[in-house]
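Chemist: Here is how the chains run, residue by residue.
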Amino acid sequence: VSGLLAPTGITSRNEEPTYFAAGDETLFGLFTVPPGGAVDSALVMVPGAERLGYRNRLGVMVSHRLAARGHQVFRFNYRGCGESTGRAGRFTLENLFTEDAVAAAAWLRGRGVRRFLYAGSCFGARTALAAAAEDPDAGGVIVAAMPISAEQSEQERRARRTAATPMSWLAGLALRPKTLRGLRDPDRRRTYAEAFRNKMHRSRPHRAASGASDVNPELLGSLTTVIERRVPVLFVYGEDDPAYREFLQARNGAFGRLLERAGDAVEVGLAPGVLHDWASIPAGEAAVDHMVDWVSRVDRPTPVP
Amino acid sequence: MDLLGVDKQTELAVRRDPGTSTSELAGFLGADEDRYFGAFSVPRGNPRGAVLICASLYAEAARNYRREVILARELAGRGIASLRFHYRGSGFSDGDPAALTFASMTADAAEAVAELRARWPGAPVACVGSRLGAFVAATVARSEPSMPLLLWDPVASPKVFFQDVLKAQRASGMIAGHHGNVEPVETGPLDAVGYRLPLALRDSFQDVSLEDCLGIGARPIHVVTVVPDYEPSPAAVVAAELLRTSTGSDVGVRRIEGRISWWTTRDSWEPDEDNLPTREVIAESADWLEARLAKGSP
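Those sequence lines, one after another, are chains A and B.
For the first sequence, the tail end lands on 305 under this note's numbering, and the numbers increase by one without skipping.
For the second sequence, the tail end lands on 1298 under this note's numbering, and the numbers increase by one without skipping.
The set of hints was computed from the structure by calculation and includes no laboratory data.
Incorrect hints may have been included.
As the list claims (entries may be wrong) - To list a few chain B residues with every Cβ distance to chain A over 12 Å, as calculated: (1) Y1036; (2) G1095; (3) P1121; (4) S1146; (5) D1164; (6) Q1169; (7) R1202; (8) S1246; (9) V1253; (10) T1264; (11) D1272; (12) K1295.
Said to hold, decoys possible - For the chain B half of the interface with chain A, some residues (derived, Cβ under 7 Å), not all of them: (13) D1002; (14) R1015; (15) G1027; (16) A1031; (17) D1094; (18) S1172; (19) E1273; (20) W1288; (21) A1291.
A quick note: this is a predicted structure, and the numbers were derived from the prediction, not measured.
Note that CB positions come from ideal geometry on N, CA and C, so glycine has one too.
My request is simple: use the sequences and hints to build the entire structure.
Modeler: Below is the structure:
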């Protein structure tokens, strides 16, 4: 039996549903309080670019396991997602939903929380880091499968992957009967055309030479702020995550020097296989283990009178 | 700006929208030790009818979640209350995910429809089911011979759902470089693209059919499906034909041009609010439910 499914003794009786304001919108959240009562710190689980933010009850499992150890956890739906109001727009790394994470922390402040840990995955990781950088009361950040590169959008990332794929392989894919049938679908036609354009554009010599990924400047700025404040940071990656390769490459430059300066305030946890998208249970379970263990060590909650 | 608070009696979170004069109440329901998560969308004054929305599971539930929220809000604006809920063992609800079965899903739906009736006694009730939730909605509708039943992209057989799961997992394995090696479902819970799908769930759907769930007898049934024009016989149309034959009902079918990826996430998804097929699904569904509920209880 998976450790994640082992009973924790925490149920909905330990959870408080709430609506809270974020700018002009109203977001929905669930606040999990440990059996001993309210404490002065909380982990804010910042959603990823999923429709509900967390796959496979990840939010429930993390919240319940941490509450069983005496920690508070708050999870919420972004604007335009789940039970919240508003429109999400498209999730792109140049438009983080930092305002929503900041609003979640503001609601928690009203509940006596004075120290905040932020956790997120991929898009959520970038948002969590940005929110932590804005919060002088941040006490820790967990960034899972966080893209490091300066490429802002998934389209740019996809273009790089297409450029790295041999032309002969792409030609084979293009001529498969299934692909040809797919040309009848307008969405797929657009996707194929985009891939073709990317391949042609990226195959030009001036782009082909570029292999290493640069670090996104906003990310570097947020991380610098957090590290200068000695806020502990946990990076979690799947060993096969493309973002982990970016992370390793980036350690050769300014990003790496920053991590060195942070010393033991920065930890890295690895999960088997691909963690991105949380589309593998073994990888997800290992990542949750890292998260729960880290919060248990970093967060020192004190009861609120 | 919404007015926010907590319903003292039920401890549900409350959001009132002065712009539309509607409210939403969300939180945990049920008297058992294990409670289920539910969200009411409520019009001002006495509702003209009430709708229970039965979701699918896992990636399908996540994919469809916002569409169900939008439908609920649209209905509230038209004077119709609704309840959406998460099956025990799934979503935000309590319960053991490994104990999720067709029987537990229908038991939760029965409890939810009872909750609707208790809140608004006398209001006519309709049921909506999407994808795998169609089997649950049909079972709920069976309890009341004239209950209108609206189905979104129902799968003609539960096998389609489980086959889609396997396909998605194989595709995911290929993308991750594992060449589509999938742990056989017979050996235990399936890692369904990150969702833990218990073997007992698949087994519980083994002999379940839409016709048996609904039973015999004519009733208002409407099927809405988003499907490409070139698809010759979509699963939802097959399901509608099955219901037409088995119940003798005049089953309406509305095909809306589009495509939904139930188990794969598109990188560039657009908000459902801005998606033309979704807007058509909501308008068609709300119109049909409003018309049916206006005819009142049997």
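Chemist: For each hint, tell me whether it holds in the structure or not.
Modeler: A quick look at each hint next to the structure:
1. At roughly 8 Å, the least C-beta separation between Y1036(B) and chain A is not larger than 12 Å, which violates its mark as non-interface.
2. Listed as a non-interface residue, G1095(B) fails to keep its Cβ farther than 12 Å from every Cβ of chain A; the least gap is roughly 9 Å.
3. With a closest Cβ-Cβ approach of about 25 Å to chain A, P1121(B) is found to remain outside the 12 Å limit, as its non-interface label requires.
4. S1146(B), annotated as away from the interface, keeps every beta carbon of chain A farther than 12 Å; the closest lies near 31 Å.
5. The claim that D1164(B) lies off the interface holds: its Cβ sits roughly 15 Å from the closest Cβ of chain A, which is beyond the 12 Å cut-off.
6. Its closest Cβ contact with chain A, about 9 Å, brings Q1169(B) to no more than 12 Å, contrary to its assignment away from the interface.
7. R1202(B), annotated as away from the interface, keeps every beta carbon of chain A farther than 12 Å; the closest lies near 16 Å.
8. No Cβ of chain A approaches the Cβ of S1246(B) within 12 Å, the least distance being about 33 Å, so the stated non-interface status holds.
9. Non-interface call for V1253(B) relative to chain A: holds, since the shortest CB-CB distance, roughly 21 Å, exceeds 12 Å.
10. Once the 12 Å rule is applied to beta carbons, T1264(B) is inconsistent with being away from chain A; the minimum gap is 10 Å.
11. With a least CB separation of 9 Å from chain A, D1272(B) falls inside the 12 Å interface cut-off, contrary to its annotation.
12. With a minimum CB-CB distance of about 31 Å to chain A, K1295(B) clears the 12 Å threshold, and the non-interface call stands.
13. Here the hint on D1002(B) is kept, as its CB sits about 4 Å from the closest CB of chain A, short of 7 Å.
14. This hint holds: R1015(B) has a C-beta 4 Å from the nearest C-beta of chain A, less than the 7 Å allowed.
15. The criterion of a C-beta within 7 Å of any C-beta in chain A is met by G1027(B), whose closest approach is roughly 4 Å, and the hint holds.
16. About 12 Å separates the beta-carbon of A1031(B) from the nearest beta-carbon of chain A, more than 7 Å, and the hint is not met.
17. With its C-beta approaching chain A no nearer than about 5 Å, D1094(B) sits inside the 7 Å limit, and its interface hint holds.
18. Hint on S1172(B) holds. Least Cβ distance to chain A is approximately 5 Å, under the 7 Å limit.
19. Hint status for E1273(B) relative to chain A: holds, with the closest Cβ pair at about 5 Å, below 7 Å.
20. Given hint, W1288(B) at the interface with chain A, is violated; its Cβ is 25 Å from that chain's nearest Cβ, farther than 7 Å.
21. Annotation: A1291(B) was flagged as interfacial toward chain A, and the flag is violated, the nearest CB pair being 28 Å apart, outside 7 Å.
This entry does not satisfy hints 1, 2, 6, 10, 11, 16, 20, 21, going by the numbered hints stated previously.
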